[in-house]
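Listed in order, the protein sequences are those of chains L and U. One gets the numbering used here by counting positions in the first sequence from 1 and adding 47 to each. One gets the numbering used here by counting positions in the second sequence from 1 and adding 136 to each.
Be careful, since some hints might not be right.
Pair by pair, the computed Cβ-Cβ distance ranges are [unchecked claim]:
| hint | chain 1 | residue 1 | chain 2 | residue 2 | range |
| --- | --- | --- | --- | --- | --- |
| 1 | U | H249 | L | G110 | 20 to 28 Å |
| 2 | U | S206 | L | P55 | 29 to 37 Å |
| 3 | U | G164 | L | K116 | 34 to 42 Å |
| 4 | L | P108 | U | P215 | 36 to 44 Å |
| 5 | U | S220 | L | N54 | 38 to 46 Å |
| 6 | U | K194 | L | K116 | 20 to 28 Å |
| 7 | L | T62 | U | E202 | 41 to 49 Å |
| 8 | U | S216 | L | K116 | 45 to 53 Å |
| 9 | L | N131 | U | S206 | 25 to 33 Å |
| 10 | L | L142 | U | K205 | 44 to 52 Å |
| 11 | U | G165 | L | L135 | 39 to 47 Å |
| 12 | U | L192 | L | G63 | 32 to 40 Å |
Rather than coming from a laboratory, the hints here were simulated on the basis of the structure. Owing to the predicted nature of the structure, the values given are computational and were not obtained by experimental measurement. C-beta atoms are modelled at their ideal positions from N, C-alpha and C, and glycine is treated no differently.
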Amino acid sequence: EAQVTQNPRYLITVTGKKLTVTCSQNMNHEYMSWYRQDPGLGLRQIYYSMNVEVTDKGDVPEGYKVSRKEKRNFPLILESPSPNQTSLYFCASSLSLAGFGEQFFGPGTRLTVL
Amino acid sequence: AQSVSQHNHHVILSEAASLELGCNYSYGGTVNLFWYVQYPGQHLQLLLKYFSGDPLVKGIKGFEAEFIKSKFSFNLRKPSVQWSDTAEYFCAVIASGGSYIPTFGRGTSLIVHP
Chain L
48 EAQVTQNPRY
58 LITVTGKKLT
68 VTCSQNMNHE
78 YMSWYRQDPG
88 LGLRQIYYSM
98 NVEVTDKGDV
108 PEGYKVSRKE
118 KRNFPLILES
128 PSPNQTSLYF
138 CASSLSLAGF
148 GEQFFGPGTR
158 LTVL
Chain U
137 AQSVSQHNHH
147 VILSEAASLE
157 LGCNYSYGGT
167 VNLFWYVQYP
177 GQHLQLLLKY
187 FSGDPLVKGI
197 KGFEAEFIKS
207 KFSFNLRKPS
217 VQWSDTAEYF
227 CAVIASGGSY
237 IPTFGRGTSL
247 IVHP
């Protein structure tokens, strides 16, 4: 089954404790991205990746890191989480951007930083 | 950079009422347009998309959207809503020839009363 998976689905942590949210897709998609969803603000892009070893900042990259060592995986890293990073996070992938652009979303990770 | 406006933040309807959700974008060039739906507790799923051709696009579950280039709009419509349409709806734009990075609107929360 074609899908985007994220782990964990729920996470409660404390300020300053490094964490990683994993994202994996099995569709051989080139493009992957991370969004955070906050009430009243919709979806805001954190980082995106056009392909392996190619990443770039989205609209709200501060406090986040990503890596793309393999095509299927795109982990989101919070080196020192803070309470303002409490949010719902979605990973998404797309076959390619030009001419296509439909994104497939993961189930989401609800993160609470105390 | 392109932007997307969804003017209706919250919409409450009774079953069988007609629905129209507004989406306007700011970009003067060619665009790819999308509507995504997020049912309670679930991830975003594609409702419909417009790349080129007939400006009236039909999607899943009886939804349709009309691209009006002169108005920079891509409004979502459904003639008769059901309780199961209760969800959050997001409009998204990709500017062809630009960064190909999707921009999402803030979302419209739709509640349908049985």
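So, going through the hints one by one against the coordinates:
no. : hint                          : in the structure
1   : U:H249 <-> L:G110: 20 to 28 Å : violated, 40 Å
2   : U:S206 <-> L:P55: 29 to 37 Å  : violated, 47 Å
3   : U:G164 <-> L:K116: 34 to 42 Å : holds, 38 Å
4   : L:P108 <-> U:P215: 36 to 44 Å : holds, 42 Å
5   : U:S220 <-> L:N54: 38 to 46 Å  : violated, 29 Å
6   : U:K194 <-> L:K116: 20 to 28 Å : violated, 41 Å
7   : L:T62 <-> U:E202: 41 to 49 Å  : holds, 47 Å
8   : U:S216 <-> L:K116: 45 to 53 Å : holds, 49 Å
9   : L:N131 <-> U:S206: 25 to 33 Å : violated, 41 Å
10  : L:L142 <-> U:K205: 44 to 52 Å : violated, 26 Å
11  : U:G165 <-> L:L135: 39 to 47 Å : violated, 32 Å
12  : U:L192 <-> L:G63: 32 to 40 Å  : violated, 52 Å
In summary, the numbered hints that this structure violates are 1, 2, 5, 6, 9, 10, 11 and 12.
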